[in-house]
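> Residue-level listing of the chains:
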Amino acid sequence: MNKVLMSGNNIIGEAAIRAGCRFYAGYPITPQNELTEYMAEHMRKAEGGVFIQSESEVAAINMIAGASATGARVMTSSSSPGISLKQEGISSMAACELPGVIVNIMRGGPGLGNIRPSQGDYFQATRGGGHGDYRTMVFAPATCQELADLTMDAFDAADKYRTPVMILADGMMGQMMEPIIFKSPAPRVYPEKFMLRGAGSGKSKFIRGLLLDPIDAEEHNWKLARKYEVITEHETLCEEHNLEEADMVIVAYGTAARIAKGAIKRLRDHGMKIGLFRPITLWPFPELKLRALSAKVKNFLVFEMSTGQMLEDVRLALQGYAHIDFHGRPGGAVPTPAEFANVVARLYNKRD
Amino acid sequence: MAKIIFQKPKSLKEKIFHYCPGCGHSIVHRLMAEVIDEMGIQGITIGVPPAGCAVLAYNYFDVDMIESPHGRAPAMASGIKRMLPDRMVFCYQGDGDLAAIGLAESFHAANRGENITVIFINNAVYGMTGGQMAPTTLLNQKTTTSLAGRQTLLDGYPVKVSELFSQLEGSAYIERCMVNSPAFVNKTKKAIRKAFECQKAELGFSMVEILSACPTNWKMNTIDSCQWMDDVMSKVFPPGVFKDVTKATKKAAEVPS
Ligand SMILES: Cc1ncc(C[n+]2csc(CCOP(=O)(O)OP(=O)(O)O)c2C)c(N)n1
Ligand code: SF4
Numbered sequence: 001m002n003k004v005l006m007s008g009n010n011i012i013g014e015a016a017i018r019a020g021c022r023f024y025a026g027y028p029i030t031p032q033n034e035l036t037e038y039m040a041e042h043m044r045k046a047e048g049g050v051f052i053q054s055e056s057e058v059a060a061i062n063m064i065a066g067a068s069a070t071g072a073r074v075m076t077s078s079s080s081p082g083i084s085l086k087q088e089g090i091s092s093m094a095a096c097e098l099p100g101v102i103v104n105i106m107r108g109g110p111g112l113g114n115i116r117p118s119q120g121d122y123f124q125a126t127r128g129g130g131h132g133d134y135r136t137m138v139f140a141p142a143t144c145q146e147l148a149d150l151t152m153d154a155f156d157a158a159d160k161y162r163t164p165v166m167i168l169a170d171g172m173m174g175q176m177m178e179p180i181i182f183k184s185p186a187p188r189v190y191p192e193k194f195m196l197r198g199a200g201s202g203k204s205k206f207i208r209g210l211l212l213d214p215i216d217a218e219e220h221n222w223k224l225a226r227k228y229e230v231i232t233e234h235e236t237l238c239e240e241h242n243l244e245e246a247d248m249v250i251v252a253y254g255t256a257a258r259i260a261k262g263a264i265k266r267l268r269d270h271g272m273k274i275g276l277f278r279p280i281t282l283w284p285f286p287e288l289k290l291r292a293l294s295a296k297v298k299n300f301l302v303f304e305m306s307t308g309q310m311l312e313d314v315r316l317a318l319q320g321y322a323h324i325d326f327h328g329r330p331g332g333a334v335p336t337p338a339e340f341a342n343v344v345a346r347l348y349n350k351r352d
Numbered sequence: 001m002a003k004i005i006f007q008k009p010k011s012l013k014e015k016i017f018h019y020c021p022g023c024g025h026s027i028v029h030r031l032m033a034e035v036i037d038e039m040g041i042q043g044i045t046i047g048v049p050p051a052g053c054a055v056l057a058y059n060y061f062d063v064d065m066i067e068s069p070h071g072r073a074p075a076m077a078s079g080i081k082r083m084l085p086d087r088m089v090f091c092y093q094g095d096g097d098l099a100a101i102g103l104a105e106s107f108h109a110a111n112r113g114e115n116i117t118v119i120f121i122n123n124a125v126y127g128m129t130g131g132q133m134a135p136t137t138l139l140n141q142k143t144t145t146s147l148a149g150r151q152t153l154l155d156g157y158p159v160k161v162s163e164l165f166s167q168l169e170g171s172a173y174i175e176r177c178m179v180n181s182p183a184f185v186n187k188t189k190k191a192i193r194k195a196f197e198c199q200k201a202e203l204g205f206s207m208v209e210i211l212s213a214c215p216t217n218w219k220m221n222t223i224d225s226c227q228w229m230d231d232v233m234s235k236v237f238p239p240g241v242f243k244d245v246t247k248a249t250k251k252a253a254e255v256p257s
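Those protein sequence lines, which keep their order, are chains Y and H.
Heads up, the first sequence is in our numbering, so the first residue is 1 and it goes up one at a time.
Heads up, the second sequence is in our numbering, so the first residue is 1 and it goes up one at a time.
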């Protein structure tokens, strides 16, 4: 298969269409506009494809919920402030068990923040984000190839578990260009019984999340919780890089992990044994894999482009079995690998 | 053989409405079900009830339905209709839902000319949450959040949705009706039919605004509620057809080429 050179935002769009996504709604926001524009151009060319530029992110998420209910593969994308607006809809999709893919190309926050790459939406993405007891699966690609692969996988996961799935990347990933190969997507598996397409001559169906009887609602919540348990058990993904004989492990995802790899390369050249643990699914977090690592390694450094959000999951995973340092650059600041290497070297030399 | 002249519409389930006595929702549900039956579209109809007293409408309508978050039904319905253009898709919205929290979604669905039908229940209050002021609450009307009556300086003015939406080029059919007398009920049914026919003919956005009693939150009995709609409510929200492109379309079609 041929390699193609595309930018991150366009890759997500192309991968989605190739994966059979046939409905996209979105509202412009930097740094993800190229994705909306890509969908405007290419979704309408795909057979049966629908693109709507919605009046808001609130409308976009509800449009994809409606289209998802009909049985279509659906996607919306936005950046941080817009993702905040989608949260009621994401909660509703989780409650109604509607599959769909939501792309967050994160920017600096809080508030309007800025349009620089950031990782400040980790909590929002991994803790459900909206109201109620639910989770969304979160994929955190770190290369353009992963943007393509994980976008396709996100559609499969959304169908398999009938749940909204998030792709969490940042402005850097959205703008970056790398050569990639689009894999051929697996044929879709999604039973018709979940689709709302008019009852025909059969029995009418309804899809709802409102359960006024607390016992019914509790049962529904436990049903969702059991689904999340299965996801936690089967769907964690991570990359382990240079872990052999490491005496210090950096934990980072997405763009931060790329920077960390650059730093590690420099430091290894100076004989420092540093590895990288990169969660690829942020929820479910690869907790057990990370904990197992603490049997060998006693020094961890969490690096995020935030004030420390994934840090909490690392603490929960390591349960005090190892020492954890943190380095963060919030608000859209992105360190170079050289800058970060200095930070790591200082901590490496101070380790027990 | 006995001739059946009146029976429960097929498109209504065997369920007892949970609506209060005298509530307009029950009447409108029945009218819609009759229209759906008469048009033979039960199997191809998909309804979207958002939060509001009628959010449980799927318990009554025997058609495919999906609940929507408060105000968002027209966005959801847009998604459904775009994927299934040959199905009949309706939203069933209250006035808080359509004219306050969901104004953007409704306005833009109308403006895009989404080929859907909105049944808009204007009862001048928030029914489900216990009778707070709605965007359609009349001046001086008392609600639990406008205790001294709605004041223009504090609360602004009743929103006239039919007038507004009829200005949008995407809207095809907009009528305001009432369900406080048998004659008006019949008229409302005709309007609902017309709106659905409009969708069937793919003419664009259709909406029927229905002035509807909420005796519980108006703190009136049913008879007084019907009277109040005649004397007060319909003066602010005059019934009538505000937009009808079906005529224009017909005429254009009749013009010999
Ligand atoms: C985001 C959100 N805000 C508020 C509510 C609470 N709520 C439910 S229905 C409703 C208003 C109902 O009034 P209306 O739309 O006029 O319909 P009615 O009940 O009168 O038929 C409100 C405020 C909600 N469900 N969701
Ligand atoms: S509260 Fe009002 S709108 Fe709601 S069911 Fe009762 S009468 Fe109808």
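Worth flagging that the hints you see were computed from the coordinates, not collected in a lab.
Hints may contain errors.
What the hints assert, rightly or not - Dumping the calculated SDA-like pairs for lysine to any residue here, alpha-carbon to alpha-carbon at most 20 Å:
hint: 1; chain 1: H; residue 1: K13; chain 2: Y; residue 2: G200
hint: 2; chain 1: H; residue 1: K10; chain 2: Y; residue 2: F206
hint: 3; chain 1: Y; residue 1: K205; chain 2: H; residue 2: D37
hint: 4; chain 1: H; residue 1: K15; chain 2: Y; residue 2: A199
hint: 5; chain 1: H; residue 1: K200; chain 2: Y; residue 2: G200
hint: 6; chain 1: H; residue 1: K15; chain 2: Y; residue 2: R208
hint: 7; chain 1: Y; residue 1: K205; chain 2: H; residue 2: I16
hint: 8; chain 1: Y; residue 1: K205; chain 2: H; residue 2: A2
hint: 9; chain 1: Y; residue 1: K160; chain 2: Y; residue 2: E97
hint: 10; chain 1: H; residue 1: K13; chain 2: Y; residue 2: R197
hint: 11; chain 1: H; residue 1: K15; chain 2: Y; residue 2: L211
On a predicted model such as this, the values are computed, not experimentally measured, just so you know.
> For each hint, tell me whether it holds in the structure or not.
Verification of the supplied hints:
| no. | hint | result |
| --- | --- | --- |
| 1 | H:K13 x Y:G200 | holds (16 Å) |
| 2 | H:K10 x Y:F206 | holds (17 Å) |
| 3 | Y:K205 x H:D37 | holds (17 Å) |
| 4 | H:K15 x Y:A199 | holds (19 Å) |
| 5 | H:K200 x Y:G200 | holds (17 Å) |
| 6 | H:K15 x Y:R208 | holds (18 Å) |
| 7 | Y:K205 x H:I16 | holds (18 Å) |
| 8 | Y:K205 x H:A2 | violated (34 Å) |
| 9 | Y:K160 x Y:E97 | holds (11 Å) |
| 10 | H:K13 x Y:R197 | holds (19 Å) |
| 11 | H:K15 x Y:L211 | holds (17 Å) |
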